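Using the sequences provided together with the hints, build the complete structure.
Protein chains: 2
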Amino acid sequence: MSKQTTATISRLSTSDDAFNHRLDALLDWEGVSDKAVQARVEEILASVKQRGDAAVVEATNRFDRLAATSMDELQLTPEQLKRAFDNLPAEQREALSSAAERIKCYHERQKPSSWQYEEADGTVLGQKVAPLDRAGIYVPGGKAAYPSSVLMNAIPAHVAGVREIVMVVPTPDGVLNELVLAAAHLAGVDYVFTIGGAQAVAALAYGTESVPRVDKIVGPGNIYVATAKRAVFGQVGIDMIAGPSEIMVVSDGQTDPDWLAMDLFSQAEHDEDAQAILVSWDAGHLDAVESAIERLLPTLERKEIVRESLRKRGALVLCQDAQEAITLINRIAPEHLELSVAAPETWLDDIRHAGAIFMGRYTAEALGDYCAGPNHVLPTSGTARFSSPLGVYDFQKRSSIIHCSADGASELGKIASVLARGESLTAHARSAEYRIRD
Amino acid sequence: MSKQTTATISRLSTSDDAFNHRLDALLDWEGVSDKAVQARVEEILASVKQRGDAAVVEATNRFDRLAATSMDELQLTPEQLKRAFDNLPAEQREALSSAAERIKCYHERQKPSSWQYEEADGTVLGQKVAPLDRAGIYVPGGKAAYPSSVLMNAIPAHVAGVREIVMVVPTPDGVLNELVLAAAHLAGVDYVFTIGGAQAVAALAYGTESVPRVDKIVGPGNIYVATAKRAVFGQVGIDMIAGPSEIMVVSDGQTDPDWLAMDLFSQAEHDEDAQAILVSWDAGHLDAVESAIERLLPTLERKEIVRESLRKRGALVLCQDAQEAITLINRIAPEHLELSVAAPETWLDDIRHAGAIFMGRYTAEALGDYCAGPNHVLPTSGTARFSSPLGVYDFQKRSSIIHCSADGASELGKIASVLARGESLTAHARSAEYRIRD
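Order-wise, the sequence lines are chains A and B. Following my numbering, the numbering of the first sequence begins with 1 at its first residue and continues without gaps. Following my numbering, the numbering of the second sequence begins with 1 at its first residue and continues without gaps.
Each hint should be verified, as a subset may be incorrect.
Any copy, or any two copies together, can satisfy a pair, since identical chains are not distinguished.
Claimed, not checked - Below 27 Å or equal to it, Euclidean Cα-Cα: the simulated DSS-like pairs (lysine-lysine) are:
| id | residue 1 | residue 2 |
| --- | --- | --- |
| 1 | 104 | 128 |
| 2 | 49 | 111 |
| 3 | 35 | 312 |
| 4 | 104 | 82 |
| 5 | 128 | 111 |
| 6 | 49 | 35 |
| 7 | 111 | 303 |
| 8 | 104 | 414 |
| 9 | 303 | 104 |
| 10 | 111 | 312 |
| 11 | 312 | 49 |
| 12 | 128 | 303 |
| 13 | 414 | 82 |
| 14 | 414 | 303 |
| 15 | 35 | 82 |
It should be emphasised that the hints constitute simulated quantities derived from the structure, not laboratory data. Note that the structure is a prediction, hence the values are computed from the model and not measured.
Structural data, given as structure tokens:
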């Protein structure tokens, strides 16, 4: 066991007695905030609720080391966004535009429709789908300011038909990311405020003099943002509480080990808590990937982050066969699943839980992160058991439609009357009985 | 203003200067639990997580005044459920079966399908829809034990294809509701535990020796249940944090005032916090409904609850016209909206926010509560702005499918490379670049 503490990446085998225990330890992630964080967040939420803009400006100056005197200084104009877009090097502008177009195309297919049907007695039942009025998008600032995330959050809202999209992005020490602004322009964001943290979540949830109150807040953030989102849930909708990003790669041994090493690195470079796991039933192949990791790791720009991530949370896992790999997939319910195998389509029916499935040797996760089309905001930490990728459906809601004919109401009234009396809700029963014909 | 404190129900007018203020006060509902409740819930969650069954049994004995010695005594067998169903009076058995059949029919229409499409270069994109493995259903016990809620929660899970449905229902002082057990049998519930409160939520979220861990917990409960659900959110999925039930009725003045009074009562009889609001532009009609309320209220079995609910949270609102009624609907975003008007279908396009829309004079909310087909678990307290009725979609999740052809990966790799380098994620870039053809 002492080997694991010095190795670049852990080696695990499903045939090892301690395997289940070791895998659990590796996967364990407690995203819950401590009492100090909770108290601080509650304080910020309360102050923004009470004092609006003034509280947001104060908190922003304090946490992002700014010296704003009013919210005007913390808002960007549409012209600023457009200028950022126009000023991009052509190559970046075109890449961003191509990505946006593909993301839009894919998400157009997700749009559910309203539907209804009529019964024999003329009663009509159905469901109406409608967009949210206003969506709030949290975009992290600082070291993890990603223009691709702006596209991935704002475009589905746009496709859904949301009337107004309000974006918040902190600018610690006043540093603005021009690519982020350009992406906001491209994605059709209506308002951008350069605020972040719990104060930004509070402003979106409650509204202030300057920040319009939204109906739902989406987008990842640090522990303060996550804690604030959990607290305002119910007041507004939220997408999910995101944990660190993770990938599980399954290889049949036929993919170039260098490719796989780089695929693992691309996850690990996000941050020290990111998780990269490779599973194969070919022990020699795992050796080859480990060698590739050792050889390529020193060539990476973000090698310190990658080394720490692989050491703490990475693993090369030897399993018995493809069937056992599938069992592992469903147990882990990975955010990203790369099926680097022949005929990956034959695996699909058996995979019950995964955020996104990257099929075949050519489909690197990085392609999906930026431009394949599907969303890169995905359920982490095993929550793919019950959560979906961010999508158009997150920016819409449904209303049930019930339109009883006189005949329909009379028949349904008889059933409702019996059941309501069984529940001792006699006003319900009498309300239904008024509609029964003599 | 002194009139309101003695009247059975408040009268408001949109032309009153204080209207907005008074409406806000009426709608105000703070469902947030205080620190004492939070601390108690956290303690229960931690003890169940650590000690499993033993902690659940202890808490159940304490809060529900039982004397169970093991979880065996807190579990019902399928035979017990079937017996409860078989022993129902024929009229109840048939009413319950008819309701179940209609609910199933409606929810079958909600099932989304997996989809995919192929691009010119052979790249395939899509989304796979899959059911949750296991769903937990919380059914309140005591004074609000509703068999209809068992149907409304379990049938969509069943239609979604959930493998196992685990129901919890507290039995304070050992009182079992045979109708609830019968509904559980009818709806195909797999396990029933007679536990409730935060301890039941914890058992479902973490699993114990006896209670299987679920992937999502749905169903309403008291403040302890709501607080526990919020706390375990992320560990498992949850449906929503339900507030008190409410109805908004819009009448054009042509519906029998007795019918409308009873429709308002049917909401108010749920509990003292329930809310019933009637809006009309016909002042004489509002007078007539008020008279009907005064006359009929004393005839109700649950008159004390209804009186308190109407006094605290009810209102008859005079507005200018249909257009202003629509503005009020979208501002309130009611859980239940009854359009007791001629040609209600002409209103639909303008209604942006409502949980369920009951159209026309015949469609009493009570019909929808029991047997029309659509779900009666609906977003409360204005959350229809961003939430939907409980549905099949709550028991399914999606996985993105990305399968790049060699040509597709090469083209996408070029875009991804530019964007990844723009974000300084160079391992992402290199992973994509490996797939670019020379």
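Practice prompt. Quick one: which hint numbers does this structure break? Sort them smallest to largest.
Written response: 2, 7, 9, 10, 12, 15
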